[in-house]
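Colleague: First to last, the sequence lines map onto chains A and B. Residues 1 to 251, numbered by the working numbering, are exactly what the first sequence covers, in order. Residues 1 to 298, numbered by the working numbering, are exactly what the second sequence covers, in order.
Read the hints as simulated data drawn from the structure, not as lab findings. Here the structure is a predicted model, which means the values were calculated and not measured. Where is the CB? At the ideal position from N, CA and C, for every residue including glycine. Check the hints yourself; a few may be wrong.
Said to hold, decoys possible - Non-contacting residues of chain A with respect to chain B, defined by C-beta distances greater than 10 Å in every case (computed):
no. : residue
1   : Asp65
2   : Pro101
3   : Val124
4   : Glu181
5   : Gln195
6   : Arg211
7   : Glu237
8   : Arg244
Unchecked claim - Listed next, the in silico BS3-like pairs over lysine-lysine satisfying Cα-Cα at most 30 Å (straight line):
no. : chain 1 : residue 1 : chain 2 : residue 2
9   : B       : Lys292    : A       : Lys103
10  : A       : Lys133    : A       : Lys118
11  : A       : Lys191    : A       : Lys140
12  : A       : Lys103    : B       : Lys219
13  : A       : Lys29     : A       : Lys103
14  : A       : Lys37     : A       : Lys103
15  : A       : Lys118    : A       : Lys130
16  : A       : Lys115    : A       : Lys130
17  : B       : Lys292    : A       : Lys115
18  : A       : Lys140    : B       : Lys292
19  : A       : Lys140    : B       : Lys87
20  : A       : Lys140    : A       : Lys115
21  : A       : Lys103    : A       : Lys88
22  : A       : Lys118    : B       : Lys292
23  : A       : Lys133    : A       : Lys191
24  : A       : Lys29     : A       : Lys130
To be verified - To give a feel for the contact side, a few chain A residues facing chain B, derived at Cβ under 10 Å:
no. : residue
25  : Arg56
26  : Pro79
27  : Gly80
28  : Leu81
29  : Leu86
30  : Arg87
31  : Val90
32  : Val93
33  : Gln95
34  : Lys115
35  : Leu117
36  : Arg160
37  : Ser161
38  : Ile250
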Amino acid sequence: MTNNDWTPDQALVSIRDVYKSFGDLEVLKGVSLDVMKGEVICIIGPSGSGKSTLIRCVNALNTIDSGSIKVEGLEVHDPGLNKLELRKRVGMVFQQYNLFPHKTALENIMMAPLKVLKQPQAEVEERAHKLIKRVNLGGKENSYPGELSGGQQQRVAIARSLAMNPDVMLFDEVTAALDPETVNEVLLAIKDLAQDGMTCILVTHEMGFAREVADHIYFTDRGVIVEHGPPATFFTEARDPRTREFLSQIL
Amino acid sequence: MKPGRKTRTRWHGDTDLAVLKPFNFSPAGSVQDLLFSRWMANFSPRSLLVIGLLFCLWPSFAVAQGNYSFTQALDALWRWLPFIVTKGFALNLLVSFFTMLVGTIAGVLLGLGQISPLRPLARFSWLITQLFRNSPWLVLLFIVMLALPFEIQIGDTIYPIPDWLKAVFGLSLPIMANISEIVRGAIMSVPTGQWEASESLAYSRNQTLWLVILPQCFKRMIPPWMNWYAILTMATPLISLLGVEDIVTLSRQAMEAEDNHPELLVPFFGFTLIIFFAYCYPIARYTISLEKRFVVNQ
Numbered sequence: 001m002t003n004n005d006w007t008p009d010q011a012l013v014s015i016r017d018v019y020k021s022f023g024d025l026e027v028l029k030g031v032s033l034d035v036m037k038g039e040v041i042c043i044i045g046p047s048g049s050g051k052s053t054l055i056r057c058v059n060a061l062n063t064i065d066s067g068s069i070k071v072e073g074l075e076v077h078d079p080g081l082n083k084l085e086l087r088k089r090v091g092m093v094f095q096q097y098n099l100f101p102h103k104t105a106l107e108n109i110m111m112a113p114l115k116v117l118k119q120p121q122a123e124v125e126e127r128a129h130k131l132i133k134r135v136n137l138g139g140k141e142n143s144y145p146g147e148l149s150g151g152q153q154q155r156v157a158i159a160r161s162l163a164m165n166p167d168v169m170l171f172d173e174v175t176a177a178l179d180p181e182t183v184n185e186v187l188l189a190i191k192d193l194a195q196d197g198m199t200c201i202l203v204t205h206e207m208g209f210a211r212e213v214a215d216h217i218y219f220t221d222r223g224v225i226v227e228h229g230p231p232a233t234f235f236t237e238a239r240d241p242r243t244r245e246f247l248s249q250i251l
Numbered sequence: 001m002k003p004g005r006k007t008r009t010r011w012h013g014d015t016d017l018a019v020l021k022p023f024n025f026s027p028a029g030s031v032q033d034l035l036f037s038r039w040m041a042n043f044s045p046r047s048l049l050v051i052g053l054l055f056c057l058w059p060s061f062a063v064a065q066g067n068y069s070f071t072q073a074l075d076a077l078w079r080w081l082p083f084i085v086t087k088g089f090a091l092n093l094l095v096s097f098f099t100m101l102v103g104t105i106a107g108v109l110l111g112l113g114q115i116s117p118l119r120p121l122a123r124f125s126w127l128i129t130q131l132f133r134n135s136p137w138l139v140l141l142f143i144v145m146l147a148l149p150f151e152i153q154i155g156d157t158i159y160p161i162p163d164w165l166k167a168v169f170g171l172s173l174p175i176m177a178n179i180s181e182i183v184r185g186a187i188m189s190v191p192t193g194q195w196e197a198s199e200s201l202a203y204s205r206n207q208t209l210w211l212v213i214l215p216q217c218f219k220r221m222i223p224p225w226m227n228w229y230a231i232l233t234m235a236t237p238l239i240s241l242l243g244v245e246d247i248v249t250l251s252r253q254a255m256e257a258e259d260n261h262p263e264l265l266v267p268f269f270g271f272t273l274i275i276f277f278a279y280c281y282p283i284a285r286y287t288i289s290l291e292k293r294f295v296v297n298q
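Could you build all of it, start to finish, from the sequences and the hints given here?
Modeller: This is the structure in C-alpha cells:
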C-alpha cells in the first residue's frame, strides 16, 4: 500500500493516466501530471473540462476508474487506502467554503486537530491563533461563519485546512463564489502560503493570479491536458488552438 | 456534481405512489409537515371568541327535547370534572409523554438506520419507516393490543401489562416512523459540502455525523417534532376504543352514571374538545414561533 521508497526529491503528487466517468459522461480521459514539493501549479480550462474532478480525486473525494494517483507514495487509487493518512497530508479548500455554521471561526480551525488527530488542546489552540492571524483575521476568532463575509469565511476555511499541517493544499475555484472586492484578500492569503513553500494545486479562473504565483500552468479541455508550461511562456506562446481560443476569451 | 446525494436517494425514485415518495424535508420556512400546526395556530384570538360563543348558544337549540335542563347537565359536568381531568385527561397526557419518548428514541435510531452506508440496514429501516408511516393508527393499535400479552412472567413474578402501556407501544409505531423521516430529512437537508469538507479534514463518517451534521440538524428537527407531539396528543382518544380509561372513556362512564341524558353529550364532549384545544393550541403557536426564530438564525 504505502510506498515507503518515496523521497522528497520525487514528485509529491503523481497523477498517471487517470480515467474517470460519471455514468456515460467521461470526465477525465487519461490525465497525467506531477507536482514537486514546494511547487505551485494552476489548472485552468473551460467549465466541465474535468479540472475540479481531477483535484477531488487527489484526496479521494472522487474515486478514479483507472490509472494511478500517488501522494507521497500513498496509492490513492488503492481500495484499501488509509484515508486518514491521505487526508492528513492533503488539505482542501472548496468554492463554497463549507465552514461548520454551528462553530466559531476558532472552533472550526481547532476541531479536526483535536477530534481527529487527538492533539493536545493547548498546542492546537496556539496554532489556531497563529493561523487566524496569518490569514489576517485577528479579532474574528469568536465569530460564527454567518457573521463573516465570503472572503473572511474562505480565509477561515484556508486556516482550518492548514491546521492539519498538510503537505499539499488543493484549492477548488476558491474565489469563484466571492464578491469581487473580497477576492483579493483570499488570493493574498494563498500567495502568502505559496511563497512560504507550500505545495499547492489550484483550480482557478483568476488568470492574473495564476500568472503571478504559479510555477506551472495546465490547460484542460474535455478531460485531457491540452497544453502546459511555465506562466512566462504559457500565456504568450500557446500553440494549441483550443488554448488560444480559451485565453482570448478570458484575457 | 453531487454523487453522494444521488446514491443516497436513488432507490426512492422508482415509484409513482405518492406515499412512497421520499419525505421532502424543507428546513424551517415552508414546511409542509407543519401544515397542521400552522392551521391550528392560525386561529386568531377573535375567532376563538366566536367559537366559544357558538358553544354557549348551541345548547339553547338542543335542550328543548326533554325536561333535563342544560343547567343540570352543566352541574353534572362540574361534579365529574375533577375525576375526568385527573384520571382521564391525565392518562391521555401520560400516554402522550411515554409514546413520544419511546417513539423518539426508536425514531432517531431508525432515521440513522435509513442513512446508514450499510445497504441492507438502510433498506430495512426505510421499509419499516414507510410501513408504519402509512398505516392507520387505529389498526396498529388493535394489532399491538391483541398481540401483546396482558402479563409477562419474569422468574416467578408475574407482571401485568396495563392497557395504557400497550397503547403506548401501539401509538409509538407511527410516531417512530414519522420521527425517522424527520431525522433522515434533516440530515439530508444539510448541504453535501459539509460532508465533503469534513471528509477532507480526515473526519470519519461517524465523527462527521455526530460532530458536524447532527448538531446542525437538531434545531431543524424541533418544530416538526413538536408538531408530531401535538398530533399524537390529539390522537390519544383513539385508545378509548380499546377500553383504556382515558378522558373519552371516563366521560362516557360519567354520562352513564348520570342516566345517559342526551343533553349531557354537548357539555361533556365539548369540554373534552376544549381541554385538548387548550393544551395543543399553545404548542402549535410555540412551534410556529420557534420555526420563525430558527429561520432568522440560519
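Colleague: Against the earlier hints, flag every one the structure doesn't satisfy and list their numbers going up.
Modeller: 2, 13, 14, 17, 19, 22, 24, 26, 27, 28, 38
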